[in-house]
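Engineer: Which chain is which? The protein sequence lines are A and B, in order.
The first sequence runs 1 to 161 under the working numbering.
The second sequence runs 1 to 213 under the working numbering.
Some hints here could point you the wrong way.
Unchecked claim - Straight-line distance between alpha carbons at most 16 Å, and here's what the computed EDC-like set of lysine to aspartate or glutamate pairs gives: (1) A:K8 to B:E52; (2) A:K8 to B:E61; (3) A:K58 to B:E161; (4) A:K58 to B:D195; (5) A:K58 to B:D167; (6) A:K8 to B:D51; (7) A:K118 to A:E160; (8) A:K156 to B:E61; (9) A:K8 to B:D55.
It should be emphasised that the hints constitute simulated quantities derived from the structure, not laboratory data.
It should be emphasised that the depicted structure is a prediction, and the values quoted were computed from it without experimental measurement.
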Amino acid sequence: MKRDHVVKVGIADLNIVQDPGIIRTSGLGSCVGVVIYDLRAKLGGMAHVMLPDSRLAKGDQIKLAKYADTAIPIMMDLLREEGGKSFKAKLAGGAQMFQFSSNDMMRIGPRNLEAVKKQLKDYGIPVVAEDCGGSNGRTIEFNPSNGTLQIRTVNKGVREI
Amino acid sequence: MKLDNRFTSYHLDILKEIGNIGAGNAATALSKLLQRKIDMKVPSVRVVDFDEVMDIVGGAERMIVSVFLRVEGDAPGNMFFIMSPTQASRFVRYMTGDETFDFTRPPYSELALSSIQELGNILSGSYLSSMSDFTSLSLYPSVPSIAIDMVGAILSYGLLELSQVNDYAIVIDTTFVDEVDQGEEMKGHFFLLPDPPSFDTIFTSLGVPTDET
Numbered sequence: 001m002k003r004d005h006v007v008k009v010g011i012a013d014l015n016i017v018q019d020p021g022i023i024r025t026s027g028l029g030s031c032v033g034v035v036i037y038d039l040r041a042k043l044g045g046m047a048h049v050m051l052p053d054s055r056l057a058k059g060d061q062i063k064l065a066k067y068a069d070t071a072i073p074i075m076m077d078l079l080r081e082e083g084g085k086s087f088k089a090k091l092a093g094g095a096q097m098f099q100f101s102s103n104d105m106m107r108i109g110p111r112n113l114e115a116v117k118k119q120l121k122d123y124g125i126p127v128v129a130e131d132c133g134g135s136n137g138r139t140i141e142f143n144p145s146n147g148t149l150q151i152r153t154v155n156k157g158v159r160e161i
Numbered sequence: 001m002k003l004d005n006r007f008t009s010y011h012l013d014i015l016k017e018i019g020n021i022g023a024g025n026a027a028t029a030l031s032k033l034l035q036r037k038i039d040m041k042v043p044s045v046r047v048v049d050f051d052e053v054m055d056i057v058g059g060a061e062r063m064i065v066s067v068f069l070r071v072e073g074d075a076p077g078n079m080f081f082i083m084s085p086t087q088a089s090r091f092v093r094y095m096t097g098d099e100t101f102d103f104t105r106p107p108y109s110e111l112a113l114s115s116i117q118e119l120g121n122i123l124s125g126s127y128l129s130s131m132s133d134f135t136s137l138s139l140y141p142s143v144p145s146i147a148i149d150m151v152g153a154i155l156s157y158g159l160l161e162l163s164q165v166n167d168y169a170i171v172i173d174t175t176f177v178d179e180v181d182q183g184e185e186m187k188g189h190f191f192l193l194p195d196p197p198s199f200d201t202i203f204t205s206l207g208v209p210t211d212e213t
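Okay, chain B solo, but in the shape it has when bound (with noise of 0.2 Å):
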């Protein structure tokens, strides 16, 4: 695989700092919007086949509650903001203050979707923005769209990009917990997937060099 060659475990270390900064900010955004301690792990960067990525998140049939965005400017690429549906709908239950929302319930109140929706924004926003400053690329997100369907309907859609290039994907994963989840397995994610010609203008910008062999 050509990117396999090409790219080092050093390059591969970028890119996971890359997902520290972002989600790290993001988490504190999502902290402080929730007024609770919001819990990040330590990224992973993982080159993984298709079904793989699905597998990160539970497996392709799994439900679950996302937002996505495309990465739009210098690095364009795919973000995904995933929970699952007990996550989602307690973080709809606390913006809205409407107690008897669930996510396994629909329909779902327009209400409930653009209050994920504007957090899939804000957390989004403040990921880039980060990931900016670090990079110094120009970086900014979509109009975020919700969707909650199995993991691979929805997941699919953001590899169809790549997949033109690539059999597999580079995943920029970090996973948060939720304090009132510890000890559930219930975690959310931050899927980054940029576009392959996006790696290149990333560690360019960072001055690392890629080996073009």
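The following block holds chain A by itself, in its conformation from the complex (with noise of 0.2 Å):
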């Protein structure tokens, strides 16, 4: 785990952050950008979740960090291990950046967001505060140290949940 400084997290990846470090993930699109964080323990985890299920994968190597079905016990696991106790979770993304119809995965933004969202509650997490869906990209920043998360977009500016 690094500190003092931006962790960046990749697409199908994840990583976790300790005050005074931050950590971040660019162009979210219908991916899902999941934090659980502690805040008594100043800790926060990041996953940039691309798919829904790890049963859909097709290949013999699956990047865990890429399904939100694995992402987040690997990440739960990781917040343990620091100290983490008593979680809670804010989330962003999961757009529709184009708009047709024809193909299931058109629709994946919402699936990814409902996947997530079942793990959270199997884990008895809150996801106290969200900005998700429409059609627009975001770059996500979270500060473990008062539990904001910072959201730019290309045309909608800033803003903190």
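Two chains, two frames, some hints: make the complex.
Structural biologist: Laid out in structure tokens, this is it:
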């Protein structure tokens, strides 16, 4: 775990950070940025989830951070190892970037969100804030010292949740 | 990685030739449409992880104007036509005669969006028809869809299909440079991202064996 600077999370990747570090991921579209944090421990994790279910995998090699159902358990293990106990979650992303309807993949944003929320529910982690859906990309940055999630978009500026 | 072992540099060269022929024709079409010279660079075929796909066009956070379409038929895949907002704005101004149009200042007029969409239609059509002639495969584009947003948000969409099989992508990338842009960093890209099973179809159509070990 890195401290003291910005930890970058790539697509289909996850990581955790402790205050005074911050953690960010860029260009979420239909992917969902999942932040799980413990404010007392000033500890937070972020996953850039691309697909809802690891059972969708057709190959033999799978990157576990890619799927909602595998990323969240891994992140929970990491956070507990670092002393996290009482968790909350914030979510962003799950947009629909293109408007057509023929393909099941088109609804991937909402399906990702659904899968993430189911995992969080199984862990008993409340989602305290979210900025999801729509048709715009998002870059998000989480600060574990105060629990704010900053969301940047191309046309709607910056907001915090 | 399975694909890496099966495909040699010979296979990648063949994909490069597809990019060359396809994008060459598309660049000619673009050139005719805009009545000016469009230079095409030698295409590259890259085997890259998902983050590197974003880096090819300037990183996940950069704003781009893109036309996306599905390639349907014998060798399905995804195709992107990617431009910087400056370049796309110039294309729109040329096609519509609206000299004030600017993709960095939304909202966008319907006319501007449909002209870019039509541009995507013409270019993808010429790319795919020449690729189809070369491979004797039946390939046709879906209705194109336009998005103006961050690179990561847009391209990740085109990776969904292959991400169920791999953690990397084979990108057939051809860049083109508008003559008025010479010396600037403004480049447009054609990305062709075949679905994983399509590679075998493409190679088989050209009589190139792939080693199944």
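Engineer: Does each hint hold? Answer for all of them.
Structural biologist: Evaluation of the provided hints:
This hinted pair checks out: K8 (chain A) and E52 (chain B) have alpha carbons roughly 14 Å apart, not beyond 16 Å. The straight-line distance between the Cα atoms of K8 (chain A) and E61 (chain B) is roughly 12 Å, inside the 16 Å bound, and the hint therefore holds. For the hint pairing K58 (chain A) with E161 (chain B), the CA-to-CA distance comes to about 10 Å; that is within 16 Å, so the pair holds. Between K58 (chain A) and D195 (chain B) the CA atoms are separated by roughly 12 Å; this keeps the pair inside 16 Å, and the hint holds.
Straight-line distance between C-alpha atoms of K58 (chain A) and D167 (chain B) comes to about 11 Å, which keeps the hinted pair within the 16 Å bound. Restraint check: the Cα-Cα separation between K8 (chain A) and D51 (chain B) comes to about 11 Å, which is no more than 16 Å; the hinted pair holds. Taking the CA atoms of K118 (chain A) and E160 (chain A), the gap is about 24 Å. The hint is violated against a cut of 16 Å. The suggested pairing of K156 (chain A) with E61 (chain B) holds, with an alpha-carbon distance near 14 Å, which does not exceed 16 Å.
Restraint check: the Cα-Cα separation between K8 (chain A) and D55 (chain B) comes to about 14 Å, which is no more than 16 Å; the hinted pair holds.
Checked against the numbered hints listed earlier, the structure breaks hint 7 alone; every other hint is satisfied.
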